[in-house]
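*Asks:* Turn these sequences into a full structure, and let the hints steer you where they fit.
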Amino acid sequence: SQWGEENLQALSIQEGEDVTMNCSYKTYTTVVHWYRQDSGRGPALIILIRSNEREKRSGRLRATLDTSSQSSSLSITAAQCEDTAVYFCATDPSSSFSKLVFGQGTSLSVVP
Amino acid sequence: ETAVFQTPNYHVTQVGNEVSFNCKQTLGHDTMYWYKQDSKKLLKIMFSYNNKQLIVNETVPRRFSPQSSDKAHLNLRIKSVEPEDSAVYLCASRNWGGAYEQYFGPGTRLTVL
Chain A
1 SQWGEENLQA LSIQEGEDVT MNCSYKTYTT VVHWYRQDSG RGPALIILIR SNEREKRSGR
61 LRATLDTSSQ SSSLSITAAQ CEDTAVYFCA TDPSSSFSKL VFGQGTSLSV VP
Chain B
1001 ETAVFQTPNY HVTQVGNEVS FNCKQTLGHD TMYWYKQDSK KLLKIMFSYN NKQLIVNETV
1061 PRRFSPQSSD KAHLNLRIKS VEPEDSAVYL CASRNWGGAY EQYFGPGTRL TVL
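Chains A and B, in that order, give the protein sequences. Take the first sequence: its letters are residues 1 to 112, numbered as in the working numbering. Take the second sequence: its letters are residues 1001 to 1113, numbered as in the working numbering.
The set of hints was computed from the structure by calculation and includes no laboratory data. Treat the numbers as computed from the prediction; the structure is a model and nothing was measured. For every residue, glycine included, the Cβ atom is placed at its ideal position computed from N, Cα and C.
Ranges between beta-carbon positions, derived for each pair:
1) B:1079 with A:17: 45 to 51 angstroms
2) A:50 with B:1067: 32 to 38 angstroms
3) A:81 with B:1051: 41 to 47 angstroms
4) A:78 with B:1018: 48 to 54 angstroms
5) A:77 with B:1017: 47 to 53 angstroms
6) B:1058 with A:112: 39 to 45 angstroms
*Replies:* Right, here's the structure in full:
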């Protein structure tokens, strides 16, 4: 598999806390996508980091990429209840933009 | 605002029946995808079409067949469904050679009894 683990991970945190989700991948990629999926909806891109970037920020989101260890992380600062969702990382191992290979996902629950 | 539309939202059927799912995108994209999402939320690519041409065909059972009438539509037919076909089927689109982002529809949930 493209990814180290195939099981959905679950995290539960309090509102206002920071959280970091990690992904590792096995095949070279030029970009790592991070998607979030709300209940009953399709995934939506929230941040994208290219192989020549080590860090990318968007609002309360921060993505990192370490190409030497083939790993990426997504951090959310001061999480809010509306951040509750499933978060996925994804790569295009063929670098041909023909498909995305998704990681196992992290189910994040932010409680008041 | 939704720009990738899927019908039906959900479908319940018996083993051995045939089902068809529809997908339409209004984004003007030229590449469309079908993904399968299992009960553990794992997403896997099934097919990819670029300008009505099949470009990715992952290892899926032969009872699955995609159908593209034009670059805005990509349907999925399953002949003789099996219990393991129970899943959410997600359609997505993007512009080949353009931005990396894929836009997903809300999915069709299939339950096979």
